[in-house]
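Chains as they are written, first to last, in our numbering: chain A, 3 to 99; chain B, 3 to 99.
There's no promise every hint is true.
Treat identical chains as interchangeable: a pair holds within one or across any two.
[Said to hold, decoys possible] Listed next, the in silico PhoX-like pairs over lysine-lysine satisfying Cα-Cα at most 25 Å (straight line):
1. K68 - K43
2. K94 - K79
3. K34 - K68
4. K53 - K68
5. K34 - K94
6. K79 - K34
Treat the hints as calculated values from the structure; they're not laboratory data.
Number of protein chains: 2
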Amino acid sequence: MSQSPETQLAAFRASIDNLDAILLHTLAERFKVTQAVGRLKAEYDMLPADKAREARQIARLQALAKDSALDPEFAEKFLNFIVAEVIRHHEKIRDDQ
Amino acid sequence: MSQSPETQLAAFRASIDNLDAILLHTLAERFKVTQAVGRLKAEYDMLPADKAREARQIARLQALAKDSALDPEFAEKFLNFIVAEVIRHHEKIRDDQ
């Protein structure tokens with residue numbers, strides 16, 4: 003490899019920046035959907051939490067993580083991180099009503 | 003809208019599952035790149051942390067978050083969450099050497 007380490011590092015960082023843009027835009031889309039779920043549940047008096055759905059999501063994400071050589075424990079941590087933000091949004095929707 | 007709330011909820015959840023698959027696979031790709039960065043830095047004795055790079059990343063993610071109607075504070079929390087996992091990976095690379 004004739005590239006200097008600095009050039010290689012810059013190329014890796016450009017990939018990280020592209021992937022971060024995908025992640026942020028995908029998260030923005032995901033929060034749009036969970037906000038629609040929050041409004042639907044509020045409108046029809048559906049239960050806010052659904053433990054069976056959450057268990058299925060965790061199992062599914064762990065299987066996807068395994069396929070992608072990601073730590074399945076990380077997949078669960080990641081879902082918990084996102085769900086905490088979703089709950090914050092739902093509380094905001096409720097407070098705004 | 004003639005769809006029942008249950009049908010609407012199922013459609014929203016199918017979108018969330020698709021978006022989660024994008025997120026997990028993109029994260030898997032991102033960790034592949036940060037692991038390559040970890041190996042490069044170890045090989046060439048480059049400094050593991052780069053505060054100026056991190057500050058640029060946070061500013062960039064906050065601008066992307068603003069464009070996507072995401073909370074810029076969430077963008078920073080998200081980067082911190084990912085970076086904590088990257089540090090765990092780098093420590094593992096170091097311990098394995």
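Structure-based check of each hint:
With identical chains, the CA atoms of K68 and K43 are never at most 25 Å apart, being 32 Å at best within one copy and 27 Å at best between copies. For the homomeric pair K94 and K79, the shortest alpha-carbon distances inside one copy (23 Å) and between copies (18 Å) are both at most 25 Å. With identical chains, the CA atoms of K34 and K68 are at most 25 Å apart between copies only, with a shortest distance of 14 Å across copies and 27 Å within one. With identical chains, the CA atoms of K53 and K68 are at most 25 Å apart within one copy only, with a shortest distance of 23 Å there and 32 Å across copies.
Taking identical chains as interchangeable, the C-alpha atoms of K34 and K94 lie at most 25 Å apart only when both belong to the same chain, with a minimum of 14 Å there against 36 Å between chains. With identical chains, the CA atoms of K79 and K34 are at most 25 Å apart both within one copy (21 Å) and between copies (18 Å).
Checked against the numbered hints given earlier, the structure breaks only hint 1 and satisfies all the rest.
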